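Listed below are the residues making up each chain.
4 protein chains.
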Amino acid sequence: MRPSLRRRVHEIVEVGGDNDRTSRLFDVALITLIFLNVTALVLETVHSLYVQAPVAFDVFEASSVMVFTLEYAFRIWSCVEDPRYAHPVWGRLRFAMTPMAFVDLIAILPFYLIFLGADLRFARSFRLLRLLRVAKLTRYVEALESIKRALASRSGELVITIAVIGLLLVGAAGMMFFVEHKAQPEAFSSIPAAMWWAVATLTTVGYGDVYPVTAWGRLLGAVIAILGVGLVALPAGIISGAFLEELQQKRRAERRSTSPPEAVCPHCGERLDRAPEDP
Amino acid sequence: MRPSLRRRVHEIVEVGGDNDRTSRLFDVALITLIFLNVTALVLETVHSLYVQAPVAFDVFEASSVMVFTLEYAFRIWSCVEDPRYAHPVWGRLRFAMTPMAFVDLIAILPFYLIFLGADLRFARSFRLLRLLRVAKLTRYVEALESIKRALASRSGELVITIAVIGLLLVGAAGMMFFVEHKAQPEAFSSIPAAMWWAVATLTTVGYGDVYPVTAWGRLLGAVIAILGVGLVALPAGIISGAFLEELQQKRRAERRSTSPPEAVCPHCGERLDRAPEDP
Amino acid sequence: MRPSLRRRVHEIVEVGGDNDRTSRLFDVALITLIFLNVTALVLETVHSLYVQAPVAFDVFEASSVMVFTLEYAFRIWSCVEDPRYAHPVWGRLRFAMTPMAFVDLIAILPFYLIFLGADLRFARSFRLLRLLRVAKLTRYVEALESIKRALASRSGELVITIAVIGLLLVGAAGMMFFVEHKAQPEAFSSIPAAMWWAVATLTTVGYGDVYPVTAWGRLLGAVIAILGVGLVALPAGIISGAFLEELQQKRRAERRSTSPPEAVCPHCGERLDRAPEDP
Amino acid sequence: MRPSLRRRVHEIVEVGGDNDRTSRLFDVALITLIFLNVTALVLETVHSLYVQAPVAFDVFEASSVMVFTLEYAFRIWSCVEDPRYAHPVWGRLRFAMTPMAFVDLIAILPFYLIFLGADLRFARSFRLLRLLRVAKLTRYVEALESIKRALASRSGELVITIAVIGLLLVGAAGMMFFVEHKAQPEAFSSIPAAMWWAVATLTTVGYGDVYPVTAWGRLLGAVIAILGVGLVALPAGIISGAFLEELQQKRRAERRSTSPPEAVCPHCGERLDRAPEDP
Chain A
1 MRPSLRRRVH EIVEVGGDND RTSRLFDVAL ITLIFLNVTA LVLETVHSLY VQAPVAFDVF
61 EASSVMVFTL EYAFRIWSCV EDPRYAHPVW GRLRFAMTPM AFVDLIAILP FYLIFLGADL
121 RFARSFRLLR LLRVAKLTRY VEALESIKRA LASRSGELVI TIAVIGLLLV GAAGMMFFVE
181 HKAQPEAFSS IPAAMWWAVA TLTTVGYGDV YPVTAWGRLL GAVIAILGVG LVALPAGIIS
241 GAFLEELQQK RRAERRSTSP PEAVCPHCGE RLDRAPEDP
Chain B
1001 MRPSLRRRVH EIVEVGGDND RTSRLFDVAL ITLIFLNVTA LVLETVHSLY VQAPVAFDVF
1061 EASSVMVFTL EYAFRIWSCV EDPRYAHPVW GRLRFAMTPM AFVDLIAILP FYLIFLGADL
1121 RFARSFRLLR LLRVAKLTRY VEALESIKRA LASRSGELVI TIAVIGLLLV GAAGMMFFVE
1181 HKAQPEAFSS IPAAMWWAVA TLTTVGYGDV YPVTAWGRLL GAVIAILGVG LVALPAGIIS
1241 GAFLEELQQK RRAERRSTSP PEAVCPHCGE RLDRAPEDP
Chain C
2001 MRPSLRRRVH EIVEVGGDND RTSRLFDVAL ITLIFLNVTA LVLETVHSLY VQAPVAFDVF
2061 EASSVMVFTL EYAFRIWSCV EDPRYAHPVW GRLRFAMTPM AFVDLIAILP FYLIFLGADL
2121 RFARSFRLLR LLRVAKLTRY VEALESIKRA LASRSGELVI TIAVIGLLLV GAAGMMFFVE
2181 HKAQPEAFSS IPAAMWWAVA TLTTVGYGDV YPVTAWGRLL GAVIAILGVG LVALPAGIIS
2241 GAFLEELQQK RRAERRSTSP PEAVCPHCGE RLDRAPEDP
Chain D
3001 MRPSLRRRVH EIVEVGGDND RTSRLFDVAL ITLIFLNVTA LVLETVHSLY VQAPVAFDVF
3061 EASSVMVFTL EYAFRIWSCV EDPRYAHPVW GRLRFAMTPM AFVDLIAILP FYLIFLGADL
3121 RFARSFRLLR LLRVAKLTRY VEALESIKRA LASRSGELVI TIAVIGLLLV GAAGMMFFVE
3181 HKAQPEAFSS IPAAMWWAVA TLTTVGYGDV YPVTAWGRLL GAVIAILGVG LVALPAGIIS
3241 GAFLEELQQK RRAERRSTSP PEAVCPHCGE RLDRAPEDP
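Chains as they are written, first to last, in my numbering: chain A, 1 to 279; chain B, 1001 to 1279; chain C, 2001 to 2279; chain D, 3001 to 3279.
These are calculated hints, taken from the structure and not from any lab test.
If you're wondering where the values come from, they're calculated on a predicted model, not measured in any experiment.
If a hint is listed, it holds; no wrong ones were tucked in.
With a cut-off of at most 25 Å between alpha-carbon atoms, the simulated SDA-like pairs for lysine to any residue come out as follows:
hint, chain 1, residue 1, chain 2, residue 2
1, C, Lys2148, C, Val2028
2, A, Lys182, D, Ser3125
3, A, Lys148, A, Phe35
4, D, Lys3148, B, Ile1226
5, C, Lys2182, B, Ala1053
6, A, Lys182, D, Pro3192
7, C, Lys2250, C, Leu2151
8, C, Lys2250, D, Leu3158
9, A, Lys250, A, Ala152
10, A, Lys148, A, Ala163
11, C, Lys2182, B, Leu1043
12, B, Lys1182, A, Glu44
13, B, Lys1250, C, Ala2152
14, D, Lys3148, D, Leu3158
15, B, Lys1250, B, Leu1144
16, D, Lys3182, C, Pro2192
17, B, Lys1148, C, Leu2168
18, A, Lys148, A, Gln249
Work out the full structure, taking the sequences as your base and the hints as a guide.
This is the structure:
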């Protein structure tokens, strides 16, 4: 009976068919726990909140980690049901090395390292990684799929846009450094420092902690700010084009499947999509 | 004669057919009053303006509330004409619990509570709710309908975008908290505090009251600012796609409704999508 | 000979056919002078530049005004050639009251008022109005037409967007005023003052001179900043849809004019766009 | 044998056919060196990094320049293989005057001028120009081509947008100068100074170093900030329309090339757009 139990556990923690209610429930429960856990982490950092109930926060974290540890154990144990990780030792090791499994380990490991003298803060910062597990939700959300497809269909253009942003950042920061360094040796102390200004300007964030003060610096800054508007416009244009393209493809596919017999030759009446017989 | 008067009142304050001039006039008058009332509220908060004519402001508010109270009473009285709220007691109660009726009550109630010792400021802040009643205008504005339809057709993608923004906010704030907390224990005192920075950055608002100062913090901040550009681009792309889709659907509907006889030949009466029989 | 000279002057200063080289030359010369004049105005305000050659600036302004005055006189004199302003007195008066003619008068009048004791600064500020005359250029620029058509085709949606922005501004400012007034009585002294914050936030400009500091204020500010992203996205989506629509209409018009004889009934062979004869 | 060697060198450093592996390798090596060199330049400006290994930085720069000089010499020497620059003296001179060759010279020349007493900083700032050579990469990137075509197809609209931005900048700065100059004679000292504010506002960067403080100034600033949102939306709309148009043209071209026999019936050979003759 053991292998069949393992298969069932595997189905619940990993694959989860559409009609498998237990698997869905498990997903919902786990994701709820992740959300609660991250919320607790967020609130815990507010000192005035933490001191009101330090034990409650700590107990909740400890019990969450226990659940996550159990789940991790179940997944490692049952992963051999997947043909890709069938080998009891190497298969499990390779499964543990997949990004999602590795993230899960890293998200719980620091908790145990505290007992070995690790820094509490260090452990806490890794708890944020649990947010990555929300990615599991994606299989329930169809709209996310269409966004992902649209972005994927234009990945080339988007990568180029990022590369152009990168070049512009270096170029803008370099120029600004040479123009403003003398007037503001602190704010524009180096090209990497100037890149902080360039990012704030090209993305139109504009914190205002650093900005050019010389006439030439402001002229250069103005040109780069206007280029920044274009940089916001470019990905917007690319993405909206991608969304529309996907839409039209879907509609064309629909049209093809619903109205095939339209094509008939008006002269001989034969259907045009059939090959002519040999004479 | 009473029911027929009640029906007429109901028509005027609620339904309002397209050719019902009295109902339209009532709407216009009421919305004008709402606008004037909100304008008065806005100007009243400018102390130098208020002290010039405190009585005028107070009298105007009191008379507005009287009109709004009368209108509210008329609506409660006549709502039983609507089959959904036909019962004289329970129907009226259920009507009073609908969002729009509830808002109307809340917008006038505080005025009366002042006489019972309520805080004036408390009463004033609820007057803003009257702005919500401008929603009544929507039925006269066709362009608003097309915007609403376009947004509704992509509500899935837009909700996802908001969810992704939410996750990014928590993730960015969490990471920035762990990176910058030591250098700026005041500005990045907790993850919720860091979220204030994250919102300002991801939306490219960039107030500049909080910003990273360490090298790692700036690197992280730069990456998040560039992601922010994408976050501005994503909804723009989604919405423009939606607008275009709606447009194309409208045109297809027009084509179908204006050219139905295309499917039949006006000369021989045969359907054009059927193959001609063998001669 | 006088009327024919007046007609020629009218053609040169107003209508300007496509092949009328003199009229074009006149336009180019005048617009060049306007650009130079505005440039001079811009540079003049830099005190260190003005003191270097005050006479040159003043003489250039005086001679520009002379040319603009002459042009204005020619336009008033010759406008009676236009049938709409044919009456020698009333026609000319009505012409002088058209927006463009009125702007031209206002742009030169202050110069003469200085001799009557008017403030120099007052006169200078009106010189900016000359920029409006660049609008004359539009008839040479075809791309501007397509932008204008695209914007006009969606004017309804764009007006709605502006109205929604207006409502959001008032609502956001009102709420923020009630939330932040106590903590920052200076920055959020009144709702109009809070609107300055709301504009900076909703447009994602974010100067950072005013921002919420209380927890509730920041939560509200965060929600409004995220709505601001949508407000940037909405007009972008509307406009891109409009551009695409215009494009498709142009293409459909092309297709119609090039391939008319496609519609033939396959059963009887008659053209489908011809009416069937009476039986 | 000399000319054939020169031709090979020319192929490697300039033309580079798709299957010419040596030429590709040369491109990759050179661009890697350019990236490393620019990275070194960026890091060099961080004083704390430079002082750790000044010799390493200087030696790397010297050897890079040596490689760039050699490459420049090879390109000048072999350029006569190109029919356009065939003349041994004038052809080479004209080649040296082409923008890309000129930039290459300027990027290495300052290094040698240091020995003649030139300023080190002066030499360094010209090293940034090497980034321009990354443009060579473009021929390997297809997605860049589609971005360039999309932008080129709407160059008219984009130029207009930039011109409108320019006019708005001058107009906004001029008005703000006259409104705010008295209240803030430092920040709004002249129209060019006010343009710095106008750029930050219209691009929605909003540094917050300059902003209006008077009531009229804030009203004007609010209007201009809202116009700025439109200015961000306009190019986004134009670009997304362009991307979609390009996509549709590509698809139509595909359809035409894959389905040409549609115009003729494969059974009877009659053209399908001609009416069948009477039986």
